[in-house]
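Here the structure of chain A is known, so what remains is to put chains B and C in place on it, guided by the hints.
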Amino acid sequence: MRHVIFRVEKERYGLPLSAVREVVVPPERYTRVPRAPAAITGVMNLRGRVVTVVELRQLLHLPEGPTPLCRVVLLDRGRRDLGLLVTDVDGIEAVERVSAAPGKVTPAVRGVARLGGLGVTVLDPEGLDAAVVALFTAPK
Amino acid sequence: MTMDMSRYLGLFISEATEHLEALGRDLVALEREATAETVDSMFRHAHSVKGMASSMGFESIAMLAHRVEDLVDAVRQDRKLLDRDLVDLLLSAADTLMAQVRAVAASREPEAAAPLLEQLSARVRALTGHAPAVTRVAQVTVLKPGDAPTAGAGEPGALADAAGTPGTPGEAAGAPTADAAGTGPSGAARVGPDPADPAASAEPAPRAAPGLQGTTGVEGGGATALAVMPPASLMPPRDLSAPENLYGAPGARPRTDVPVEADASSSVAALGANLKVLANVDADGLPSAPRWSVRLRISPTCQVPGVRAFLVHKRLSTLGTLVDLRPPLEELKAGRIPDGFIQVELDTTVGEAGIQTALRNVAEVEVVSVSQAVPEPPIVAITPQTAENARASADASSRTVRVRTELLDYFLDTVGELMLATARLREVGKVMPEVSRPALEEGVYRLHTLVKDLHDKVMSARMTPLSLITDRLPRAARDLARRKEREVELVITGAEIELDRAILDELADPLLHLLRNCIDHGLEAPEERLAAKKSVRGRVLVTVRRARDRVIIDIEDDGRGMDPAKLKASALKRGLITEEAAARMADRDAFLLSCLPGVSTAKDITDISGRGVGMDAVKRVVESVGGTLEIESERGRGTCFTLRLPLTVAVVHLLLVQVGEEVFGLPIAKVVGATEADPDALSRSRETALLPHGNGLLPVHALEVLLGVPASPRPGLRPFVVMEGDAGTGKVALAVDRLLGQEEVVLKPLSRPLDLLPGLSGVTILGSGRPVFILDVPRLLTA
Amino acid sequence: MAKRVLVVDDAIFMRNMIKDIFASGGFEVVGEAANGLEAVEKFKELKPDLTTMDIVMPFKSGIEATREIIKADSSAVVIMCSALGQESLVMEAIEAGASDFIVKPFRAEDVLAVVKKVLGEA
Numbered sequence: 001m002r003h004v005i006f007r008v009e010k011e012r013y014g015l016p017l018s019a020v021r022e023v024v025v026p027p028e029r030y031t032r033v034p035r036a037p038a039a040i041t042g043v044m045n046l047r048g049r050v051v052t053v054v055e056l057r058q059l060l061h062l063p064e065g066p067t068p069l070c071r072v073v074l075l076d077r078g079r080r081d082l083g084l085l086v087t088d089v090d091g092i093e094a095v096e097r098v099s100a101a102p103g104k105v106t107p108a109v110r111g112v113a114r115l116g117g118l119g120v121t122v123l124d125p126e127g128l129d130a131a132v133v134a135l136f137t138a139p140k
Numbered sequence: 001m002t003m004d005m006s007r008y009l010g011l012f013i014s015e016a017t018e019h020l021e022a023l024g025r026d027l028v029a030l031e032r033e034a035t036a037e038t039v040d041s042m043f044r045h046a047h048s049v050k051g052m053a054s055s056m057g058f059e060s061i062a063m064l065a066h067r068v069e070d071l072v073d074a075v076r077q078d079r080k081l082l083d084r085d086l087v088d089l090l091l092s093a094a095d096t097l098m099a100q101v102r103a104v105a106a107s108r109e110p111e112a113a114a115p116l117l118e119q120l121s122a123r124v125r126a127l128t129g130h131a132p133a134v135t136r137v138a139q140v141t142v143l144k145p146g147d148a149p150t151a152g153a154g155e156p157g158a159l160a161d162a163a164g165t166p167g168t169p170g171e172a173a174g175a176p177t178a179d180a181a182g183t184g185p186s187g188a189a190r191v192g193p194d195p196a197d198p199a200a201s202a203e204p205a206p207r208a209a210p211g212l213q214g215t216t217g218v219e220g221g222g223a224t225a226l227a228v229m230p231p232a233s234l235m236p237p238r239d240l241s242a243p244e245n246l247y248g249a250p251g252a253r254p255r256t257d258v259p260v261e262a263d264a265s266s267s268v269a270a271l272g273a274n275l276k277v278l279a280n281v282d283a284d285g286l287p288s289a290p291r292w293s294v295r296l297r298i299s300p301t302c303q304v305p306g307v308r309a310f311l312v313h314k315r316l317s318t319l320g321t322l323v324d325l326r327p328p329l330e331e332l333k334a335g336r337i338p339d340g341f342i343q344v345e346l347d348t349t350v351g352e353a354g355i356q357t358a359l360r361n362v363a364e365v366e367v368v369s370v371s372q373a374v375p376e377p378p379i380v381a382i383t384p385q386t387a388e389n390a391r392a393s394a395d396a397s398s399r400t401v402r403v404r405t406e407l408l409d410y411f412l413d414t415v416g417e418l419m420l421a422t423a424r425l426r427e428v429g430k431v432m433p434e435v436s437r438p439a440l441e442e443g444v445y446r447l448h449t450l451v452k453d454l455h456d457k458v459m460s461a462r463m464t465p466l467s468l469i470t471d472r473l474p475r476a477a478r479d480l481a482r483r484k485e486r487e488v489e490l491v492i493t494g495a496e497i498e499l500d501r502a503i504l505d506e507l508a509d510p511l512l513h514l515l516r517n518c519i520d521h522g523l524e525a526p527e528e529r530l531a532a533k534k535s536v537r538g539r540v541l542v543t544v545r546r547a548r549d550r551v552i553i554d555i556e557d558d559g560r561g562m563d564p565a566k567l568k569a570s571a572l573k574r575g576l577i578t579e580e581a582a583a584r585m586a587d588r589d590a591f592l593l594s595c596l597p598g599v600s601t602a603k604d605i606t607d608i609s610g611r612g613v614g615m616d617a618v619k620r621v622v623e624s625v626g627g628t629l630e631i632e633s634e635r636g637r638g639t640c641f642t643l644r645l646p647l648t649v650a651v652v653h654l655l656l657v658q659v660g661e662e663v664f665g666l667p668i669a670k671v672v673g674a675t676e677a678d679p680d681a682l683s684r685s686r687e688t689a690l691l692p693h694g695n696g697l698l699p700v701h702a703l704e705v706l707l708g709v710p711a712s713p714r715p716g717l718r719p720f721v722v723m724e725g726d727a728g729t730g731k732v733a734l735a736v737d738r739l740l741g742q743e744e745v746v747l748k749p750l751s752r753p754l755d756l757l758p759g760l761s762g763v764t765i766l767g768s769g770r771p772v773f774i775l776d777v778p779r780l781l782t783a
Numbered sequence: 001m002a003k004r005v006l007v008v009d010d011a012i013f014m015r016n017m018i019k020d021i022f023a024s025g026g027f028e029v030v031g032e033a034a035n036g037l038e039a040v041e042k043f044k045e046l047k048p049d050l051t052t053m054d055i056v057m058p059f060k061s062g063i064e065a066t067r068e069i070i071k072a073d074s075s076a077v078v079i080m081c082s083a084l085g086q087e088s089l090v091m092e093a094i095e096a097g098a099s100d101f102i103v104k105p106f107r108a109e110d111v112l113a114v115v116k117k118v119l120g121e122a
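Residue numbers (this note's numbering), protein chains in the order written: chain A, 1 to 140; chain B, 1 to 783; chain C, 1 to 122.
Looking at chain A on its own, in the form it has when it is part of the complex (with noise of 0.2 Å):
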């Protein structure tokens, strides 16, 4: 299945095409949403969508990095889209045979699987999407 290609710092992760509607470049500014997670960076208007954006470092729970976010990944959830903010696109990749992931494995993650020789992360969708509502429906 063809994959959307793209890096988290020097991480690299892949979502399947079909789940993502384009991929865009961030918004000068987000509109912040109040008492929101502090994992949502904010919302943005795209062609008249407000659209969710979260950082995807923070919702996977990786260690803050010092490269800029310079892509939103859109994905397709029908009428709501959430955008994810990452380092950047790398391409699409075909990749094939997905493995489990090793380690603690969350829904977010599908597994893991090889492409030119370099691992790379494969994501779930609907698992990202279970994640960001978990954010918000966590006890503070």
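Any given hint might turn out to be false.
Stated by the list, open to error - Distance condition first, Cα-Cα at most 27 Å in a straight line; then the derived BS3-like pairs of lysine-lysine:
no.: 1; chain 1: C; residue 1: K3; chain 2: C; residue 2: K47
no.: 2; chain 1: C; residue 1: K3; chain 2: C; residue 2: K116
no.: 3; chain 1: C; residue 1: K47; chain 2: B; residue 2: K333
no.: 4; chain 1: B; residue 1: K333; chain 2: C; residue 2: K3
no.: 5; chain 1: C; residue 1: K47; chain 2: B; residue 2: K80
Claimed, not checked - From chain B, some residues computed to sit far from chain A (all C-beta separations above 12 Å):
no.: 6; residue: M5
no.: 7; residue: S6
no.: 8; residue: P338
no.: 9; residue: E366
no.: 10; residue: G416
no.: 11; residue: R486
no.: 12; residue: V488
no.: 13; residue: E634
no.: 14; residue: L682
no.: 15; residue: G694
no.: 16; residue: G769
It should be emphasised that the hints constitute simulated quantities derived from the structure, not laboratory data.
All residues carry an ideal CB built from backbone N, CA and C; glycine is no exception.
Positioned in the frame of chain A, the structure of chains B and C alone reads:
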């Protein structure tokens, strides 16, 4: 060639869903009153679903629908067969069918539901006394929508099963064909029998029913059948030696022969034939209508040979007088035709050509032989079959098409964007040099008119009748009533009134919750009702009406009513209102206390679509689409919830305020006023600053603190907005950094996950393109 | 000139499928109707060469509609769309004047074969 059914999948899903919803409604209505119309309508729905599912090759759906059809048909014959258990069984079948259709929509294999199917079949046997008929299903496999992008290698018409199962040899139906092996790495496997596939023709198609082999899927069956048909000379001699054939001589039979079929049309035809015959009367006064012996064979691939034979009989009987038919008509109609052979003796003047012509147009029939038992009669011209009529020109009558709701949403978003772009152009025009301005402004004006017109059209296309959501209520009412062992009569009026689709979508859960509220808590137990001299059966009225630009929905029960004192006490206990406020509070407001979290929802929370929905959520949703909720109640008489809703996506007036870098919208409807004051000069009660307002003091809340946004207010005067609170909070003053002015905006409901945040009632996009949240101040203060 | 067809069925699904089948066979579908009442009206208005007629429909059944169509034009060609188990209804329709029938679920080639036969094109 296999038909590519995948293009019909969307239509199948939407139409089957409609039929199943209607079936569910009918079932509920049926239990109240079993009218012939309702039963007929149910039959049609089940029948349609069966037909569509079998065309799509969804066997499990087709079978289940077929059993429902059987049972409804039995009820159609005898309505006394209907009882509560049968309705329950049919309802669960309708539910399962719905789940199966949903599974198909999600590209999953529908559940086979074998136990239910067995139950239904047993019921069919019990009611009709015979085993249910076999369900015939087309041998097609629908390309699942989700798989489409990955199935690039498939040839046209090949049905690929690509996603996730590369190389899986054709799962349920058939083996991979030779050409599938060569379609590349995706391993697209063609499923279903294929004429070129030796495996498929060597063994019966897996889904073909006993006795129907060769009728489904296997192409070329007809040709094979024809090849094995014996030539006329090899026909069994018994037919020729039959005693009836002995009177084949001309004139050996009296002319007064009665037609085999005594029905009017064949008699008329026979009469006509005889009239023609009379014109050719021989010198000795006997008619010369010659007798023909016709031998036919119904194709072995014909699924309904009885009907086919009947059609042949009908055709031939219009040519003249049928003097013999073997097998006899009743046998033919029942499909008891050994090897498909039919022998007819016919007196007609149309000749062999006429007989051949009459049968040439009948499919699945082969004329084995036509032979004359008498000398060739004068040939009578055959009337041309169709007169060339003057045809009315093909008129492009107005057509309706179905549009997916996402597309409607897209239209609205795009029109919104067009409006924004137009506004921006106008802004740009203001700073253009004087000379070029008029032309631009004219263009912008024209664009604005067009876009506005388009907006109106899009909005009207989005209008959807409320029945879309109220249609679910009778079933819900029935289930609730049954669970609570109560009798409920639900009367819905005005459901044909239309609302914007986006508002409707939001209202589905709140309406269901209000209905539940009425049945669970509003209506009393039967004994209690009797004691109160009410009818045992409780009544819930859902009345929809239109009042200017609003739609008003009343949900009213004739139950016990609400107790304002109890509600006040409960709110007091939770510290949501003060003793003083409780004392002054009107009943109307006290009823609304039930919408505060914790007052009555604690025991009321119902689980709809996986999340708790209480009265607070109902109120929030109604307000988020720009509507209001009112509650009227009288002890012992009942409660009425009134929803006042805008017709279209709400246009709201906002007061825009700035805090730090952020802009927020406050609904003007809830703004009492604005004032300026120095926060440091305000008096305080404990931690809370107090702003003088009218004759009293209002608690002050700094908006940046409430919202958790960074802001560094400058020392000195600060604007305050005085807002209406709710029953619990009373008026409050909000400290902001700047008042930006009023704006009229289109409110968008919050989508997941934003709807999970308390204190936001919607979002909008300003002319500048900036998204701005609209605040629900009372919720901000309490949550 | 392509033969002109009127498609009668209460399910849009079926109408679309039948329409596509006819289009693939070089016919021109000039109209559709969703019930028996509409069918008779459309028939009188369009005078099609061929009408496909569902049997179980709201307001007026396909059999009634066929009867009225034949009454209006005895040379009308009406093909019943039936399902297994509806044999007696189809016979009733034949009595009412239907020219032929097809059985659901049908395949494109079967439909076209019957239609071409009925129209004398096979």
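Going down the list of hints, with the structure as the test:
1. K3(C) / K47(C): Distance of about 11 Å is within 27 Å: holds.
2. K3(C) / K116(C): Holds - the C-alpha atoms of K116(C) and K3(C) are around 10 Å apart, at most 27 Å.
3. K47(C) / K333(B): violated (32 Å)
4. K333(B) / K3(C): Cα-Cα ~32 Å, so violated.
5. K47(C) / K80(B): Roughly 44 Å between the alpha carbons, so the hint for K47(C) and K80(B) is violated.
6. M5: Holds: least Cβ distance 21 Å, greater than 12 Å.
7. S6: Fine: 16 Å to the nearest Cβ keeps S6(B) off the interface.
8. P338: Fine: 56 Å to the nearest Cβ keeps P338(B) off the interface.
9. E366: holds (51 Å)
10. G416: violated (4 Å)
11. R486: Per Cβ check, R486(B) is outside 12 Å of chain A; nearest 34 Å; holds.
12. V488: holds (34 Å)
13. E634: The claim stands: E634(B) keeps its Cβ more than 12 Å from every Cβ of chain A (closest is about 39 Å).
14. L682: Holds, because the least Cβ-Cβ distance between L682(B) and chain A comes to about 24 Å, which exceeds 12 Å.
15. G694: holds (29 Å)
16. G769: violated (5 Å)
Taken one by one, the earlier hints fail for this structure at numbers 3, 4, 5, 10 and 16, listed in ascending order.
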